[in-house]
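Trainee: One-letter residues, chain by chain:
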Amino acid sequence: AQRVTQPEKLLSVFKGAPVELKCNYSYSGSPELFWYVQYSRQRLQLLLRHISRESIKGFTADLNKGETSFHLKKPFAQEEDSAMYYCALSGHSNTGKLIFGQGTTLQVKP
Amino acid sequence: NAGVTQTPKFRVLKTGQSMTLLCAQDMNHEYMYWYRQDPGMGLRLIHYSVGEGTTAKGEVPDGYNVSRLKKQNFLLGLESAAPSQTSVYFCASSQGTGGWWTEAFFGQGTRLTVV
Chain A
1 AQRVTQPEKL LSVFKGAPVE LKCNYSYSGS PELFWYVQYS RQRLQLLLRH ISRESIKGFT
61 ADLNKGETSF HLKKPFAQEE DSAMYYCALS GHSNTGKLIF GQGTTLQVKP
Chain B
111 NAGVTQTPKF RVLKTGQSMT LLCAQDMNHE YMYWYRQDPG MGLRLIHYSV GEGTTAKGEV
171 PDGYNVSRLK KQNFLLGLES AAPSQTSVYF CASSQGTGGW WTEAFFGQGT RLTVV
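Chains A and B supply the protein sequences, listed in that same order.
For what it's worth, the numbering used here labels the leading residue of the first sequence as 1, then goes sequentially.
For what it's worth, the numbering used here labels the leading residue of the second sequence as 111, then goes sequentially.
Rather than coming from a laboratory, the hints here were simulated on the basis of the structure.
Beta carbons: idealized from backbone N, C-alpha and C, even for Gly.
Hints should not be assumed to be uniformly reliable.
[Unchecked claim] One side only, chain A facing chain B, incomplete, derived with CB under 10 Å:
#	residue
1	Gln38
2	Tyr39
3	Tyr86
4	Lys97
5	Leu98
[Stated by the list, open to error] Result set (SDA-like, lysine to any residue): computed pairs, CA atoms no more than 25 Å apart in a straight line:
#	chain 1	residue 1	chain 2	residue 2
6	A	Lys109	B	Thr115
7	A	Lys9	B	Gln218
8	A	Lys73	B	Met151
The following block holds chain A by itself, in its conformation from the complex:
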């Protein structure tokens, strides 16, 4: 079964501390993995995807097929990073459907 698991409901760190939001997935093939972010009072938007292998707003995520993980990392958290983060998976079903994790609220304290 396809599944995305984000084990932490809430992650609270101080400004300048490193951040790692965990994401594990279950999928039999080679999925596409994404991180979406929802800032307060804003719509959900794409943060980054594994195929781009780029850094967005200082965040990076590496797909580890052996551990079936796609953890989101940032070396130095900023207060404006406070938001809800969702890890999502798209299988190869030519429908574009996304399977989302439960979401992790990141709180960056001053």
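Dock chain B against chain A, hints included.
Mentor: Showing chain B alone in chain A's frame:
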């Protein structure tokens, strides 16, 4: 460029009432989706459409119906609302599937309360 627009933004329904949520996109996207967001459960797919005139069930379709008569619009209907349908509903669209085409663009959400 409005992107994906949902109407209404908020609604309170009584149990048993019906309503329709409207989603409109101006990006000429083929694919459209309705998700519901509940605390601790993330977003779950209700129904989706891979093109005008097509619809399909997602993960949690019971109690909902959809229609895609025009490419730019995707309607979600609740025939007889129940308290379990209290949620935030998100519409999304995407240009295609695979690689760069898979990015989903979301509406601002509709907060529905059924009392």
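Trainee: So which hints don't hold here, by number, going up?
Mentor: 2 and 6
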